[in-house]
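Here the protein sequences line up with chains A and B, keeping their order.
1 is the number of the first residue of the first sequence in my numbering; add one for each residue after it.
200 is the number of the first residue of the second sequence in my numbering; add one for each residue after it.
Bear in mind the hints are in silico, worked out from the structure with no lab data behind them.
Glycine included, each C-beta is placed from N, C-alpha and C at the ideal position.
One should not assume that every hint holds.
To be verified - Which bits of chain B does chain A cover? Going by a derived footprint, with three or more residues having C-beta under 8 Å, they are:
1) 244-250
2) 253-266
3) 287-296
4) 300-308
5) 430-437
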Amino acid sequence: MATRGFFGLRRPEPPREIPPGQYFETGFPTLTAGPTPRVDTDTWSFSITRAKSPLATWTWDQMMELPQEKITVDLHCVTKWSKLDSEWKGISFDTLLEAVGEVTEEYVMIGSYGGYTTNLPLDDVTDGKAWLAFEFEGEPLEPNHGGPARFLVPHLYLWKSAKWVNSIELMDQDAPGFWEASGYHMRGDPWREERYWGD
Amino acid sequence: MQHRVLWQKAIVEEIIDETPRTKSFRLRIDDRPPFRSGQHYDVRLTAPDGYQAQRSYSIASAPESEGVIDLTIEIIESGEVSPFFHQVVKVGDEIKMRGPIGGPFTWTSDTGGPLLLLAGGSGVVPLMSMLRHRTAAGSSVRTALIYSARTTVDVIYRDELGNFESEDTEVRSTITLTREDDAGWTGERGRVSTRLIDDALAFLKTTNAKVFVCGPDGFVEAAAALALAAGVPFQSIKTERFGPSGT
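Working from the sequences, and respecting the hints, build out all of it.
As structure tokens, then:
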């Protein structure tokens, strides 16, 4: 049923369809549950782990030697804004997984400096769907947007694209991360409007 | 533990003019679920052609207010939903809402304190819910609020904040104005500073306070960094960002 007196501004008009309940944002808002961690690339490290034991670990310099990709993607935040055609440079998660050999687990938990976590099915971060991103619009990623490096899973709500990422744990069974334990959806597909538990 | 967050019908029961840019909307919801101070609701507006707009707004009222929630909404002139609330919504209107939503940025009296609340502009709204809950629950948790506003007329809940302080020696409310040109203002001026944070922590007699920071992105970045620098543990600082950018 319509809301009395509401017709919708629909401005600015998005250049193409965006997911239901979202609005077109031309800026780049930030959302973080705590202070911004300041992470130096001299001490930065990133690991893929199984049962919390590292299978592969990279320093910043080692990471920067891996093949990089330029990607242009749309971002959809559960707080209702969508940002279109954002340009990133990063390393495909497929490239990182090559370092650990066979993976039989079906889920991952992304971990960050500062303690943030978010869970994902492995299928959502493989086959060219996820990146470790460290450049935004041609510049090094700012700390408030997750620099020096954040995860980027653009086909899911943005809370899955963890900022200040430093680890990926391979898991046999799904488990809730930071927001997922507080009422947010375990998968978070914006086109199915999977915002909260039960959506 | 997991429960669905369903859309419910809310009826606008009262509209309160808070400041020239903010109004509070008292919404009655049948079988209103319990909530924790700091949580928010999603509102959904539907146009005759089916187009929908959704936004999130923090709850201003205490969980003890039965059957109702208050949302204090700042008008963003170029926005789509806040101007509708300010200019179109009338008492008796029906609004679709769902909630409560949000976990980490919440406080209940049994969580204890002491509490350091840092508000920038309309970021005071969820912190007001905490203060109201604190009083309604009879909590004696020592609490310091630092509230940065532009000018005197932009201060939301000014009288009520003054009452919290005058009626309870465990509460300290500090308002600092960033653009005040009124020579009659005798309170603090300028942005949240190391001195204001240190004064508040001295009142709380510890740096190990539970800190909640809410406001526009720039305010939250600055205030959270000041609290960290003053010695508050990283994990004790919870933030929520919003404002004209739509965060």
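Under the constraints set out in the numbered hints, which ones does this structure not fulfil? none
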